[in-house]
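Take the given structure of chain L and dock chain C to it, following the hints.
As they're listed, the protein sequences go chains L and C. Adding 1 to a residue's 1-based position in the first sequence gives its number in the working numbering. Adding 415 to a residue's 1-based position in the second sequence gives its number in the working numbering.
The hints are simulated quantities; they were obtained by calculation from the structure and are not laboratory data. You may find that some hints are simply not true.
Interface residues of chain L toward chain C, partial, derived using beta-carbon atoms under 7 Å [what the hints assert, rightly or not]:
id, residue
1, Ala-22
2, Gly-26
3, Arg-28
4, Leu-77
5, Tyr-81
6, Gly-84
7, Ala-88
8, Arg-90
9, Ala-91
10, Thr-92
Capping the alpha-carbon separation at 16 Å, the derived lysine to aspartate or glutamate pairs in EDC-like fashion look like this [claimed, not checked]:
id, chain 1, residue 1, chain 2, residue 2
11, C, Lys-453, C, Asp-527
12, C, Lys-528, L, Asp-82
13, C, Lys-528, C, Glu-492
14, C, Lys-453, C, Glu-492
15, C, Lys-453, C, Asp-505
16, L, Lys-83, C, Asp-527
17, L, Lys-83, C, Asp-529
A few chain C residues that don't get close to chain L, going by computed Cβ distances all over 10 Å [to be verified]:
id, residue
18, Ala-466
19, Gly-509
20, Ala-518
21, Ser-530
This one's a predicted model, so the numbers in the text were calculated from it and none came from an experiment. C-beta atoms are modelled at their ideal positions from N, C-alpha and C, and glycine is treated no differently.
So the chains spell out like this:
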Amino acid sequence: MEQVAGWVAPLATTLAAVMVAANLGARLTGYGFIVFGVGSVAWMIIGAVTGQANLLWQNAVLLAINALGVWRWLGLRARYDKGAAAATRATTRK
Amino acid sequence: MTDPRDDAQITDAATGKATVPTAPDAVLTPFSLLLGAKVSDRDGHPIGIVADVMMAAAEGRIVYVALSVGGFVGIGERLFAVPWACFVIDPVGGALAVDFASAVLDGRDGFDKDSWPSAADARLAALPPGDGLV
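So that you can see chain L by itself, here it is in the shape it has in the complex (with noise of 0.2 Å):
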């Protein structure tokens, strides 16, 4: 497992990275902080396999954070489009 975990977090963190600065919208950005908490999770693993209780904690803060993003970008954001959209239809109809 330590050995898949050193390999996925850089990776995820990588991708996540410039999935969230190419902002390439709500929906990709939300995807982007879901990659971001896989990678916190493998680095936890790594911190957890060697004894590095701060890699361990300072994951697990941003595994929390990144929980927030995913909320901020793929469910508070996705409601608002959602709402939107009604009122789109409601005067489209018009």
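Positioned in the frame of chain L, the structure of chain C alone reads:
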């Protein structure tokens, strides 16, 4: 600060196309400056943030601002459809304010988050310019 009511919206009756703004010296403000912007009330107190802006695109005019009041990153917030005419904006710095007191929204329910209104909040639209209920 510029009152958006100063810029009349003119629509070509024949084509329906908007011809705004008419003033050649109008200060242009990027739309992105509005999204997520903090909003103050008429007394300068923080009142909320801009969740989104609903516009009549064909007419080139903003109908209402979905103003998020209270809560934390959307949890526990209330959304209000504030008429664009209620806003005063610094077109350069982007400072955004409404021309009523934050107390106007106290005790009021926001609109349904899953089905946004097709028009601005009539109660807020009826407020006299620059004058809230308190």
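List of violated hint numbers, smallest to largest: Hints 1, 2, 3, 8, 11, 18, 21 not satisfied by this model.
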